[in-house]
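Student: Heads up: the sequence lines are chains A and B, in that order. Quick note: the first sequence uses the working numbering, first residue 1, plus one each step. Quick note: the second sequence uses the working numbering, first residue 1001, plus one each step.
Warning: the hint list may mix true and false statements.
List time: in silico PhoX-like cross-link candidates among lysine-lysine, alpha-carbon distance up to 20 Å [claimed, not checked]:
#: 1; chain 1: A; residue 1: K8; chain 2: B; residue 2: K1004
#: 2; chain 1: B; residue 1: K1182; chain 2: A; residue 2: K4
#: 3; chain 1: A; residue 1: K36; chain 2: B; residue 2: K1004
#: 4; chain 1: A; residue 1: K8; chain 2: B; residue 2: K1020
No wet-lab data here; the hints were simulated from the structure. Given the structure is predicted, the values throughout are model-derived calculations rather than measurements.
Each chain is listed here by its residues.
Number of protein chains: 2
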Amino acid sequence: MSIKSVGKAVEILNCFSVQKPILGISDISRMLGYTKSTVSRLLSTLSEYHCVERTDGYGKYKLGYRMQLWGTVSQELNTLPDVADPIMEKLRDKCHEEVSLYVIQGDHRVCLLRFESLHEIARVGTIGGRFPLHAGASGRVLLAYLPKEQREKIMSGSLKKFTGGTIINAKKMEASLAEIRKNGYGISTGEREAEAFSVVAPVWDASERVVASLSISGPNFRLTEDKSALFIKSVVSAAKEISIRLGHV
Amino acid sequence: MSIKSVGKAVEILNCFSVQKPILGISDISRMLGYTKSTVSRLLSTLSEYHCVERTDGYGKYKLGYRMQLWGTVSQELNTLPDVADPIMEKLRDKCHEEVSLYVIQGDHRVCLLRFESLHEIARVGTIGGRFPLHAGASGRVLLAYLPKEQREKIMSGSLKKFTGGTIINAKKMEASLAEIRKNGYGISTGEREAEAFSVVAPVWDASERVVASLSISGPNFRLTEDKSALFIKSVVSAAKEISIRLGHV
DNA sequence: CAATATGGTTTCACATTATACAATACATAA
DNA sequence: TTATGTATTGTATAATGTGAAACCATATTG
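Produce the entire structure from the sequences given, and follow the hints as far as they go.
Tutor: If you want it as structure tokens, here you go:
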């Protein structure tokens, strides 16, 4: 049997969001349907522990600094690989294709974590592999969310052509990156390896930065139309789950 | 009247720290003196709301991702200037001297916030003033906690001599920075301005970085021995308070 | 200016509900 | 096997959180 007042306290804290960071007792009372007296007592309890504070000294409430301390402690344990690992395994089991996680290192991307395809026919990449950022959706998703100047610096170097599909034109590249930002995911077929596709979504951290890209990849012939829809949906939602667990709101 | 079970829940969450991020029910029961059944039920309530999670799937407990979400929301409001402002005012009122907050901008420091001295005789600086990092303790404290390579890059330029006391020798500089790191504060007298002292402590954020330096400064003749001790104690504790409210643990 | 609304706090009697203690269950070690 | 350290479940009792209404304090309105 769960403890009701603790649940209510948590729900009160959940009312605060980036969009609505400051709330009064009546606001919360309306949002949750609890009586004002209940909300008042819970809030004053929470404020004793610095979980909430009043703006100025009197007035409405906002989350207190205790929340940040907890957040910091929690972040120490919920590092990218720890958080991503189980979610990636679930994703692989659902989609049966290779699932990889890439991060930026210098001006390249490296594979931090990978679960292998469950199919017989599969290209097996290795963890730690270094690839350029411009070729393949896994790289381009990382590129897409970099600050503009950093992006341009990387793209100012010569873009190596891996296959006929590799984008090496700066204008086309910017268009592709803009599309990724608009859709929230990227797809590539045969850009770095001629016969391979990947479907890729960004992973965000607590400070609103893209820290990794999560990809499903496999041989082109298995990327049918309905599979494509499934992969997009799955990889986007898995990337979102990882992001949330890293503190992204 | 504060709600006891909520208080207990908070205290349970407070048991988790960077040093001890993973705890079992018996651990917590011993730490707080609550019976195991109480702790068990509170923890399972908290885990329903993802405030705590079990390591792996069964086993001990750690803080859950909800804590990071709250931390993120809270950080949005508790920005450096907002947090520092009231604490700096209190510090000025206690010490009567000018209190300033500096942050790094490029390879300089700029004054982000300032409260003026309460004395008749005072040098009044302006908010937004840009100064080099090597001259004066306010700059050197910022310098001391930079990554080594960045530090060296800045110091490789020619160090302008403002007064006879300005440190321009690289070896002496490194020794001074090491001392700041050891003590947790820095003092300078007549380095940038011949007649002025400053006593300075670093301000940390949630990700263990020094984001600002907090200083008390005034004319040399007022820096008596007992005043000096008071200023050190006060500025260090004020900087710590700001740091905590920024999520530093 | 009184009248009215809105937001927050406090009081109090009552019944919900969290608690301690014990019992149970489940590991792992000796 | 027994012994030790875990976590969970059951229950009677007493603590304690609850809602409704009263109470303040500020705005807002006519």
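Student: Next, verify each hint and record whether it holds.
Tutor: The hints, checked one at a time:
1. Taking the CA atoms of A:K8 and B:K1004, the gap is near 13 Å; set against the 20 Å cutoff, the hint holds.
2. Of the pairs offered as hints, the one joining B:K1182 and A:K4 is violated, with about 48 Å between alpha carbons and a cut-off of 20 Å exceeded.
3. Our distance criterion of 20 Å between C-alpha atoms is met by A:K36 and B:K1004, whose separation comes to about 19 Å.
4. Between A:K8 and B:K1020, the direct Cα distance comes to roughly 27 Å. Violation of the 20 Å bound is thereby established for this hinted pair.
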